[in-house]
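A.B. asks: Here are the chains, one letter per residue:
6 protein chains.
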Amino acid sequence: MVEFSFLQPDRPAAFKDKFVTKVNECLTSYSDGARGEVGVLGLPLSKTSISLSQSSEAPNSIRACLSAFTTFSGKKDTDYKNIKVLDFGDVQVHPTDMEESIERIRISVREMLTRNACNRYILLGGDHGISYPSIRAFGEHYGKIGVIQWDAHHDVRNLEDGGRTNGTPFRSLMEGGHLKGDNLIQIGIRDFANAKVYHEYTKEKGVTIYTIDDIECTGIEPIIKKELDRLSNFVDIIYLSVDMDVVDQAFAPGCPAIGPGGITSRELLSSISAAASHQKVKAMDLVEIDPSKDFRDMTSRLAAAAMLRFMYTV
Amino acid sequence: MVEFSFLQPDRPAAFKDKFVTKVNECLTSYSDGARGEVGVLGLPLSKTSISLSQSSEAPNSIRACLSAFTTFSGKKDTDYKNIKVLDFGDVQVHPTDMEESIERIRISVREMLTRNACNRYILLGGDHGISYPSIRAFGEHYGKIGVIQWDAHHDVRNLEDGGRTNGTPFRSLMEGGHLKGDNLIQIGIRDFANAKVYHEYTKEKGVTIYTIDDIECTGIEPIIKKELDRLSNFVDIIYLSVDMDVVDQAFAPGCPAIGPGGITSRELLSSISAAASHQKVKAMDLVEIDPSKDFRDMTSRLAAAAMLRFMYTV
Amino acid sequence: MVEFSFLQPDRPAAFKDKFVTKVNECLTSYSDGARGEVGVLGLPLSKTSISLSQSSEAPNSIRACLSAFTTFSGKKDTDYKNIKVLDFGDVQVHPTDMEESIERIRISVREMLTRNACNRYILLGGDHGISYPSIRAFGEHYGKIGVIQWDAHHDVRNLEDGGRTNGTPFRSLMEGGHLKGDNLIQIGIRDFANAKVYHEYTKEKGVTIYTIDDIECTGIEPIIKKELDRLSNFVDIIYLSVDMDVVDQAFAPGCPAIGPGGITSRELLSSISAAASHQKVKAMDLVEIDPSKDFRDMTSRLAAAAMLRFMYTV
Amino acid sequence: MVEFSFLQPDRPAAFKDKFVTKVNECLTSYSDGARGEVGVLGLPLSKTSISLSQSSEAPNSIRACLSAFTTFSGKKDTDYKNIKVLDFGDVQVHPTDMEESIERIRISVREMLTRNACNRYILLGGDHGISYPSIRAFGEHYGKIGVIQWDAHHDVRNLEDGGRTNGTPFRSLMEGGHLKGDNLIQIGIRDFANAKVYHEYTKEKGVTIYTIDDIECTGIEPIIKKELDRLSNFVDIIYLSVDMDVVDQAFAPGCPAIGPGGITSRELLSSISAAASHQKVKAMDLVEIDPSKDFRDMTSRLAAAAMLRFMYTV
Amino acid sequence: MVEFSFLQPDRPAAFKDKFVTKVNECLTSYSDGARGEVGVLGLPLSKTSISLSQSSEAPNSIRACLSAFTTFSGKKDTDYKNIKVLDFGDVQVHPTDMEESIERIRISVREMLTRNACNRYILLGGDHGISYPSIRAFGEHYGKIGVIQWDAHHDVRNLEDGGRTNGTPFRSLMEGGHLKGDNLIQIGIRDFANAKVYHEYTKEKGVTIYTIDDIECTGIEPIIKKELDRLSNFVDIIYLSVDMDVVDQAFAPGCPAIGPGGITSRELLSSISAAASHQKVKAMDLVEIDPSKDFRDMTSRLAAAAMLRFMYTV
Amino acid sequence: MVEFSFLQPDRPAAFKDKFVTKVNECLTSYSDGARGEVGVLGLPLSKTSISLSQSSEAPNSIRACLSAFTTFSGKKDTDYKNIKVLDFGDVQVHPTDMEESIERIRISVREMLTRNACNRYILLGGDHGISYPSIRAFGEHYGKIGVIQWDAHHDVRNLEDGGRTNGTPFRSLMEGGHLKGDNLIQIGIRDFANAKVYHEYTKEKGVTIYTIDDIECTGIEPIIKKELDRLSNFVDIIYLSVDMDVVDQAFAPGCPAIGPGGITSRELLSSISAAASHQKVKAMDLVEIDPSKDFRDMTSRLAAAAMLRFMYTV
Ligand SMILES: [Ca+2]
Ligand SMILES: [Ca+2]
Ligand SMILES: [Ca+2]
Ligand SMILES: [Ca+2]
Ligand SMILES: [Ca+2]
Ligand SMILES: [Ca+2]
Ligand SMILES: [Ca+2]
Ligand SMILES: [Ca+2]
Ligand SMILES: [Ca+2]
Ligand SMILES: [Ca+2]
Ligand SMILES: [Ca+2]
Ligand SMILES: [Ca+2]
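Chains as they are written, first to last, in this note's numbering: chain H, 1 to 314; chain X, 1 to 314; chain G, 1 to 314; chain C, 1 to 314; chain Y, 1 to 314; chain D, 1 to 314.
Hints are computed from structural coordinates only; laboratory data are not their basis.
All C-beta atoms, glycine included, are put in the ideal place defined by N, C-alpha and C.
Be aware that a few hints might be false.
Claimed, not checked - Sample of chain Y residues at the chain G side, in silico, Cβ under 10 Å:
1. Asp10
2. Pro59
3. Phe88
4. Val91
5. Val93
6. Ile107
Claimed, not checked - The list that follows gives simulated cross-link-like pairs (lysine-lysine, DSS-like), each with its CA atoms no further than 27 Å apart:
7. Y:Lys75 - D:Lys180
8. X:Lys226 - G:Lys75
9. G:Lys293 - H:Lys293
10. D:Lys196 - Y:Lys84
11. D:Lys75 - D:Lys16
12. H:Lys203 - X:Lys22
13. G:Lys203 - H:Lys76
14. C:Lys196 - D:Lys81
15. X:Lys205 - G:Lys76
16. C:Lys76 - Y:Lys203
17. D:Lys293 - G:Lys293
18. H:Lys16 - G:Lys293
19. G:Lys81 - X:Lys196
20. H:Lys75 - G:Lys226
21. C:Lys196 - D:Lys16
22. C:Lys293 - X:Lys293
23. D:Lys22 - C:Lys205
24. D:Lys75 - C:Lys225
25. H:Lys16 - G:Lys205
26. Y:Lys226 - C:Lys75
27. X:Lys205 - G:Lys22
28. G:Lys196 - H:Lys84
29. D:Lys16 - C:Lys205
30. X:Lys16 - C:Lys293
31. C:Lys75 - Y:Lys203
32. G:Lys180 - H:Lys75
33. C:Lys75 - Y:Lys225
34. Y:Lys76 - D:Lys203
35. Y:Lys16 - D:Lys205
Go ahead and model the full structure; you've got the sequences and the hints to work with.
C.D. replies: Given below as structure tokens:
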């Protein structure tokens, strides 16, 4: 064994307080036979975005932000440092073939699930296009699926105008029979951010929609709790799909489609906490963060904070 | 007619979803005899700012942000794509003669109003100095005028120290007899942002002042509604003058005079919605946005969102 | 005396409105025998930060932001232009010897206090490491001291891993007998921002802790008032120690340790106003602002606004 | 006709000096039957880049930079304001189907050439992937083609690893029989920027290579002139393909693959001037500029300056 | 006298090496009767720029950059720390009246010269518009004046289109009889940066023009020396007017009108050195630096380096 | 072994061209008994900088830039992919104790050398303060040492004013008897960048100095070659110490002490190539790069290019 006094060739030389556990220290690369509470998988696909997006850099930037957080919650007076998190790495996407990339994501999520290594999973996009293959794979593995989608947009564009983009995942899922409209809840939909035709399409499909006004009126936690209760009667598992542009541009400046009038970061975190503790919630994706457009990684940092709310629920 | 398969020489090649109408698609350049619901005029004057400001770039950046919004409101379940908006372009200001530029603005607003082409108008500044000639022109055309001013500042500086600047419009209007103090309402005035002398001046002139504390206490919508009711008894038309620095620096980082403790973007949008639906409200200006200081056009984007609340009221 | 028509060789040529007093105009460099209401001292030490920080630039950037504010409060209908503020300048820190720098701060604060020139004092950091020598010096001068600390973090790290850093001031103070844990109140402590060991340490020492949840639940002003009342029974003076990272990253983007889910700038300002008016409150420090990471000096501007709430209390 | 005093609704209100002609004023959108000296076509494709690139924004940013230049050359004592330039607009690329986009480019270039509207053409990329369909189309229209390529890289990657990317255009052209290696000249190839295998591939294909050392030694203008003379014996037309990363990162900071040790902007401009005046040179593309990574549009500005050297040759 | 151990209330606490003299330490504010070798005057006028410019901030940023330089030249083996430099401060310009501001500059320069306090002077713009009143004042004081102008542009625009702007100073001077065209030398004029009409105007007026090609061909130092010799036969004093946009955009990225193909910073510095040592050279202005557009104050730093070449000539 | 189709949990999913070897792929973490041609060690110390510097981030950013380069040189027609490079990681510095950090560096370099694992070494700073312990350690290990220092500054400040900083390494080395002045060559020293006292000190110590003028006059390669020949008669090994601020600010914008008038990046690279091929040259350090101040990692990229010139010499 190499023994130097002040360096370890294979490890970064960051300052270490012996009493502090950073969340990133709890992630270990998955290897055969490993078991953990939560699995993390990166889905760095963003060429499917209608506008050019570097959201493919988000898995890296979100993971890096985990080092800004400790494993201890004063609120619950619990140190979660023994919650093991397995990192499955990132899916290798194809430089020019989008459909191939989408299929690689579906296959990879399935392969991950087949290992039965974890109880719950976090998928790091990428753009919202990744939710189509990801949710499909979860459905294939677990059975009937319900989805709660945080988003300013319906994401049910037609497929003729541009193929499968970040504007189409929920249409692809519903048209393909992978998700029933009745089992999709959309939270945070905004005025002047969607087309009438797509609004009507979601309504016809039976999707449940909550706007910003609804959130202001009722509170986001009560909405989440009510819908989880309802959904859980009809589905085997529930998947949270979090498009960060549901958050106001002041709190999430790094989303490709930023805008005013969204939810606050506090509303985001408390609603994810509320959802994550439900027993049927097995997965969460975090999408539409473009680190190259962000300010001081604020949006990746918010996403990392959201991961903690999902991971540390007991 | 030229027919290429994949290009149109006179049009941008942006992605187009056939079911989506973006707000910018509803703007048409004014031509003789045209009629529309709302007229838009750019007033790119900012050399009148005490501090150097590029708010003269704001008409362009705000218009560009309209392409981030669709014409559909889920809240009102209405698609406003048939509301025609006429763009009168930008007034050509003089490079070095400020008084000439101010006069050109007054003349141009009057010429626009004389066409009787629209029911309501949006004026895009520029700095707050543009409100003096603009409100004057509206008064000359329509008669007795009332003004609701969103602003952290009174804007009634003396004229001797620097001529007509962005700090003087309401003094110029009151001194010139174009606006009675009784018919001016100021919303969002902040502590430590004004001088005692000017505070007293506005009081003496009969101006009604609402501070941030008043807004927190009473709510901004009730204040707006109450004042519209009151004002409408005394005036022929009401003009909204929106200095974006009324908004907190976290939500409007692109104002020259940013500061903490302002209103939120949600308060801005809801109060403009409340005001715009009143029958006597005929015009709104949006001023003091410097795109060169902004982050990701957040402030121009907020201004564009404010335009929608003004344009789409039915 | 030199008399030029349009210039004064020793003064900046900024625009001046004769009726406006900017706060910076009320600061005068301390000279022997001078007296004022508030003393200001810069403590530009940031090499004690665990991560590299340019918070040593903050005394300059905060002072510069004072020129963005006037001395007039509409709320209290008072012009504070006659409140004299004495600027004691900045302590010269050592380029490479941290312990020497800390000692220089302690000595300098004491020397300042010994002059008895002011009733109350503002200390501009620098990182939070400056609070150790500063609070020590206040205790040495005034007697028994109580501290209200706005912070996301406990700041009671062990000293073995890195010496006296910005993570250790309150441990140094309590271990050194300069501050009793019972007399320390921590406001705004966040989940996943501290280690279990340090949480327990503060509890054992008798420190009173208020989390973000407590603030949401009870309101920050009532908490402050209650604790001031309680503390004032046991101590001679009260010192406010304001780590700006207590504020949410959207409102204070220039802190080294930004994060989501903190208090708003309005909560910060109102809580400082509430505290500053208490008779035993004699000092406030403002720390952990790194101007090189800020956006448009928003965080320094917020700090300057906080200074006004402390200075202008009558 | 509408007549306002100071505004024209359909035109920007920029300052105009009556004696100055800006280059952008000489561009007119192509319409049926129009004729001009130079045709300009935008090819905004960059999803074919191996790394994410916003070079699809370059056609717009380069065109915008034309307004920074006048039509007058003091060196030649000539005002080129009567050289008519036809703008064919931008090809509409597909959001997710790369091969479709490449084919659209080939078709669009051919359709443009079929009009016989201009003598010479400028193609604005986009990434270097656009040169494959563009050069193919020129070959199909004009016959035997020679290419001078300014580039730090050979661009002959294998197609199996990632399909047709910005790393493959010249392999695609040679493999497809659209360009003989003997008729390809590469200028500015850099050490440690290419793989041995690809270096050998170009050698075997008969490609002529000039490195930075060759340029330092011989001078870039003499090299260009010599190769033009040689090439013109074997081909019908010559196409200039200018990858801006041939320029040193200090002079072209907006290229995706910036690096030290490239040519200066002066070398770029003089070599393009030298090439453009040759009779067989019919086209030039300008690729690999990502405006989102640039500083003050310096790289687009350099590209616009390069356009002038190509357009104004007499 | 106040005596603190580690602070001086009226002085910054920067690190000081006892053996180093920084150039800024040699500047003293002018007071009645003071004498020095060089006088410095700030002319912060930039609203006369055709495009919005913050070059009014340049006097401050250039002065600040003087602290990056010492007074010692190894080349001449001389320490210039005893060369006294008097700082006359900045002229107070008017916020809205341009002609008034121009007149204030003329008067202030004259008032400065009348004191006979220095042998030579540096004028810090501001935009190039300041050279009109400045050169006029020098002519009024000293008699017949010759000017060497470093510039990419002729700056002889007509006055009808926009009044006296940064595009007109040399026309104003020649038309007003303050400068003979024969006594004006322009260095660094660029292709595609000027209009034919203005090129012809300068020729007719007898102005001597050197282009970039001339500089490459002959070398900039020989040109300067030749022209100084020639000029000195006809004029009483020589004034250097340095528009920083003569420098290539890679070396001077902070000019409003940046462009490729200019001179290098080394050419700038050596040519100013060459000029400054001539006995009839009495003044230099440095204009067209906008610190808000610069990168790390590189352009101000270059300007400060140019100041040293002018100040330290012996 | 885990087998997924499209992901490897422990490896990044970047695009890989099977025929390309990137330089970073040739680095392997040192483990006991490993042997390589070149050893790399990170020395992330920058709190010793007089001004605050994040040059401690440079080891990471320079290593990251290695992925921008391949192992193939066309000039030498050689693929260096089999040159093994051992990465010894980064020395863990102390957060607050500078002397301890300096000693840790000395010990770590010695420990590295004791392994006899490599023939030559690259040390990645950090600020120039690291050269004191690093050169000392090399001397202790190898015997008599000669140094060629690329630098705008002499770096021989007195130690009383600030302790051992980045301004003192060569004084510490000479005073401590670790380096004879006769065996130190300084290349690129600039006017107005040093104090007279320190200039004289180096002269007295027998240091050989080459200024920018010398380089312009003689050429940098001939100087290097001449001095290597001379030095090699007197010393056992030669150490290259490269302070990147020797390079002009246009080419190395990320140095803390940027300035105009330095050498070009081409001069840097060719001079390092010339030096590295000498048999007695055993080590090179690269210091004074602050990635937080850089533009697009241009300066780290230049440093990585310099590493290649050192590593690949055969
Ligand atoms: Ca979405
Ligand atoms: Ca969305
Ligand atoms: Ca205002
Ligand atoms: Ca205002
Ligand atoms: Ca703290
Ligand atoms: Ca803290
Ligand atoms: Ca290429
Ligand atoms: Ca290339
Ligand atoms: Ca000029
Ligand atoms: Ca110019
Ligand atoms: Ca050095
Ligand atoms: Ca140096």
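A.B. asks: Hints first: check each against the structure and report whether it holds.
C.D. replies: To see whether the hints hold, each was checked on the structure:
no., hint, verdict
1, Asp10, "4 Å, holds"
2, Pro59, "9 Å, holds"
3, Phe88, "5 Å, holds"
4, Val91, "5 Å, holds"
5, Val93, "7 Å, holds"
6, Ile107, "6 Å, holds"
7, Y:Lys75 - D:Lys180, "24 Å, holds"
8, X:Lys226 - G:Lys75, "22 Å, holds"
9, G:Lys293 - H:Lys293, "16 Å, holds"
10, D:Lys196 - Y:Lys84, "18 Å, holds"
11, D:Lys75 - D:Lys16, "25 Å, holds"
12, H:Lys203 - X:Lys22, "21 Å, holds"
13, G:Lys203 - H:Lys76, "15 Å, holds"
14, C:Lys196 - D:Lys81, "10 Å, holds"
15, X:Lys205 - G:Lys76, "20 Å, holds"
16, C:Lys76 - Y:Lys203, "15 Å, holds"
17, D:Lys293 - G:Lys293, "11 Å, holds"
18, H:Lys16 - G:Lys293, "23 Å, holds"
19, G:Lys81 - X:Lys196, "10 Å, holds"
20, H:Lys75 - G:Lys226, "22 Å, holds"
21, C:Lys196 - D:Lys16, "15 Å, holds"
22, C:Lys293 - X:Lys293, "18 Å, holds"
23, D:Lys22 - C:Lys205, "24 Å, holds"
24, D:Lys75 - C:Lys225, "23 Å, holds"
25, H:Lys16 - G:Lys205, "24 Å, holds"
26, Y:Lys226 - C:Lys75, "22 Å, holds"
27, X:Lys205 - G:Lys22, "24 Å, holds"
28, G:Lys196 - H:Lys84, "18 Å, holds"
29, D:Lys16 - C:Lys205, "24 Å, holds"
30, X:Lys16 - C:Lys293, "26 Å, holds"
31, C:Lys75 - Y:Lys203, "14 Å, holds"
32, G:Lys180 - H:Lys75, "24 Å, holds"
33, C:Lys75 - Y:Lys225, "23 Å, holds"
34, Y:Lys76 - D:Lys203, "15 Å, holds"
35, Y:Lys16 - D:Lys205, "24 Å, holds"
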